[in-house]
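Asks: Chains as they are written, first to last, in my numbering: chain Y, 61 to 175; chain S, 4 to 118.
Just so you know, not all the hints are guaranteed correct.
[What the hints assert, rightly or not] Quick list of in silico lysine-lysine cross-link-like pairs, DSSO-like style, CA-CA up to 27 Å:
hint	chain 1	residue 1	chain 2	residue 2
1	S	Lys73	Y	Lys138
2	S	Lys6	Y	Lys104
3	S	Lys73	Y	Lys101
4	S	Lys19	Y	Lys104
Simulated from the structure, these hints should not be mistaken for lab results.
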Amino acid sequence: EAGVTQFPSHSVIEKGQTVTLRCDPISGHDNLYWYRRVMGKEIKFLLHFVKESKQDESGMPNNRFLAERTGGTYSTLKVQPAELEDSGVYFCASSRRTGVSLEQYFGPGTRLTVT
Amino acid sequence: AQKVTQAQTEISVVEKEDVTLDCVYETRDTTYYLFWYKQPPSGELVFLIRRNSFDEQNEISGRYSWNFQKSTSSFNFTITASQVVDSAVYFCALSGSNTGNQFYFGTGTSLTVIP
Chain Y
61 EAGVTQFPSH SVIEKGQTVT LRCDPISGHD NLYWYRRVMG KEIKFLLHFV KESKQDESGM
121 PNNRFLAERT GGTYSTLKVQ PAELEDSGVY FCASSRRTGV SLEQYFGPGT RLTVT
Chain S
4 AQKVTQAQTE ISVVEKEDVT LDCVYETRDT TYYLFWYKQP PSGELVFLIR RNSFDEQNEI
64 SGRYSWNFQK STSSFNFTIT ASQVVDSAVY FCALSGSNTG NQFYFGTGTS LTVIP
């Protein structure tokens with residue numbers, strides 16, 4: 061089966077612009093997660109969808125970030141307006157069911173650079 | 004609070020040497036899960052292993068082995084007879100029964116195997 065895919069792989073934008081990242085989870089996976097890794101630091105949780113509902117958005121840094129998952133399939137993460145500190149690699153992950161014991165399957169990430 | 008520490012930022016070994024990647028965790032949950040992921044140059048995180056807090060048996064899978072010790076809150080990963088294909092960034096992660104489905108990651112250890 062196809063893995064988690066993310067688009068674009070790289071994005072370079074100027075401060076103040078808007079960027080939208082897309083994630084397609086593994087088919088049939090109801091759970092979708094967004095994480096972010098700022099250079100050299102740990103990968104940090106942003107939010108968790110179960111189907112189209114936000115289960116946990118405790119990691120979202122501020123209201124410049126908006127995540128959606130209409131229809132419970134793919135998800136988008138919009139950053140508007142982007143700031144320099146938003147630079148990093150944004151990972152998406154999915155799992156078939158909800159549960160802390162389950163491994164999450166990760167995509168290759170989108171590298172965002174804000175200049 | 005949940006925390007994962009990977010003190011080794013970068014490790015270089017010569018091919019065929021053994022190497023151990025350290026992972027130390029903190030949690031107040033009595034039920035928790037530990038994971039190791041490999042991030043090759045292609046970028047995606049590849050799931051390697053999951054361990055639950057009630058199972059301290061060491062695990063071996065080919066050249067890979069994992070040593071889980073609750074007494075020292077450690078979950079170390081050893082690669083025996085390293086190969087160039089083992090070169091990657093390795094992440095240790097933790098999920099807990101009382102902290103939702105999010106993973107808490109360490110900062111990763113970059114392993115370079117020199118031919």
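Asks: Each hint: holds or not?
Replies: Going through the hints against the structure:
| no. | hint | in the structure |
| --- | --- | --- |
| 1 | Lys73/S / Lys138/Y | 40 Å, violated |
| 2 | Lys6/S / Lys104/Y | 11 Å, holds |
| 3 | Lys73/S / Lys101/Y | 25 Å, holds |
| 4 | Lys19/S / Lys104/Y | 33 Å, violated |
Hint check: violations occur at hints 1 and 4; the rest are consistent with the structure.
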